[in-house]
Structures are given as structure tokens and as C-alpha cells.
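Going line by line, the protein sequences match chains F and Y.
According to the working numbering, the first sequence holds residues 214 to 325 in order.
According to the working numbering, the second sequence holds residues 1073 to 1184 in order.
Be aware that a few hints might be false.
Stated by the list, open to error - Below are the BS3-like pairs computed for lysine-lysine, each with C-alpha atoms no more than 30 Å apart in a straight line: (1) K262(F) <-> K1089(Y); (2) K262(F) <-> K1129(Y); (3) K1141(Y) <-> K314(F); (4) K322(F) <-> K1129(Y); (5) K281(F) <-> K322(F); (6) K322(F) <-> K262(F).
What the hints assert, rightly or not - DEER-style ranges, computed between Cβ atoms: (7) S216(F) <-> P1133(Y): 17 to 27 Å; (8) S231(F) <-> E1125(Y): 45 to 55 Å; (9) E233(F) <-> I1149(Y): 16 to 26 Å; (10) S227(F) <-> K1090(Y): 34 to 44 Å; (11) R1180(Y) <-> G266(F): 32 to 42 Å; (12) P1133(Y) <-> L269(F): 35 to 45 Å.
Everything labelled a hint here was simulated from the structure, so no lab data went into it.
Using N, Cα and C, we set each Cβ at its ideal position, and we do this for glycine too.
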Amino acid sequence: AQSVTQPDIHITVSEGASLELRCNYSYGATPYLFWYVQSPGQGLQLLLKYFSGDTLVQGIKGFEAEFKRSQSSFNLRKPSVHWSDAAEYFCAVGALYNFNKFYFGSGTKLNV
Amino acid sequence: EAQVTQNPRYLITVTGKKLTVTCSQNMNHEYMSWYRQDPGLGLRQIYYSMNVEVTDKGDVPEGYKVSRKEKRNFPLILESPSPNQTSLYFCASSLVSYNEQFFGPGTRLTVL
């Protein structure tokens, strides 16, 4: 079965500092990749997605992510973090042979 | 306002007492899905539906049932809840499966 790994459970950064959240997936081919953000007590909101093409993807709220096939990674980045970015971030993957199934990582909680 | 609604938001029940969590979307989305969120495990997909009368199992379907009789509604049914189904449940919908999913606010279920 496919899996998604977010190695960092908690990350703390200072406001204005840069951020990188890691995501690795267990696929041989290129899956559909997503990053979602969950603010406290809220549902999830899509930050960005990657299907194909340019491996650097821009999202909302100043976030970007880079797909690296050789490393099976899809890391999320932001050059300057704001206090309002404090939330939990989830990487998700669409199943390779079934576009209806999704696998989420365990999440990374960001403190600012 | 485009949204996914879930009811109830909070529910405490006892083992074996059948319950239904409703989910409704007003965006005319074809795809709907149920997830459960548990600490350290992220979101796991329970069931999904590609359209009316078309449903299929996600990763953790045991103990749950769903139905999709109308496009806008996708209720989650627990016919005999057990304590291991205590969790935070999210309903989501999207235009098509591999597109952005819009999440409801969540239903926190406690089974005693």
C-alpha cells in the first residue's frame, strides 16, 4: 500500500524565519501530491497541489512546494513565516491506480 | 456560501447505539469522502463516493456504512459503535476526485 511520511511531528520557528516541512511518499511513479493546512478547530484547506509539469508549485498564503522524483519528496516551503501560519500541515497523496483514494501523512504541527 | 456541513459537531454515545453523522455540500460536487483523524495517524479514508449510488471502501471501512442517494448528501452510519471509533470525523467533497477537496468542520465522536 502507498504511504506518506512526515518525519517532523512538531516544528517551531520564529516569525520571519524560513520554513521547510518534509514529506516523503512510497511510490515508484509520480502520484498526485497535495499539501493541506488545518488551523485549530477547523477543517482542512488546500495549500497547493502537484499533478505534473513544473516541479516547483506555488500555492496560497505564500507557500510553495518542490517535487523531487529522485527523492520521492514533496517538501513545503515558505521564505518568511507569519504568526498566523501556526497550524498543522498535512501532506497527501492520491493513489496511483485509483484517483478516488487518498493517503495522508501524520501531520506536522507548526509553532511560530 | 459554498460549504460542506456536518451534523452533529459533537456527539457522545454508548457502545452499540446506532448513529448517523450527516454531511451535505452545496457545490454540486460529484466526489465525496469520509475521513477519520486520530493523533499521530493523520487522516485515514473511510469511504468515498464518486457519484450518486456509487461508493467504495477507503483504507479503514470496518464498522462503517455510507449511502449516496442524493448528490449533495453523504451520511456516515455507525450501526454498532465501539470505543475504538472514538475519533474526529471529516467529510470532504470535490468536483472530481483528484481535484481540491473541501472539508467540513468535523464531528468529534466519543463512544463510551
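Cross-check of the supplied hints:
no., hint, verdict
1, K262(F) <-> K1089(Y), "violated, 40 Å"
2, K262(F) <-> K1129(Y), "holds, 24 Å"
3, K1141(Y) <-> K314(F), "holds, 21 Å"
4, K322(F) <-> K1129(Y), "holds, 29 Å"
5, K281(F) <-> K322(F), "holds, 23 Å"
6, K322(F) <-> K262(F), "holds, 20 Å"
7, S216(F) <-> P1133(Y): 17 to 27 Å, "holds, 18 Å"
8, S231(F) <-> E1125(Y): 45 to 55 Å, "holds, 49 Å"
9, E233(F) <-> I1149(Y): 16 to 26 Å, "violated, 41 Å"
10, S227(F) <-> K1090(Y): 34 to 44 Å, "violated, 50 Å"
11, R1180(Y) <-> G266(F): 32 to 42 Å, "holds, 39 Å"
12, P1133(Y) <-> L269(F): 35 to 45 Å, "holds, 37 Å"
Taken one by one, the earlier hints fail for this structure at numbers 1, 9, 10, listed in ascending order.
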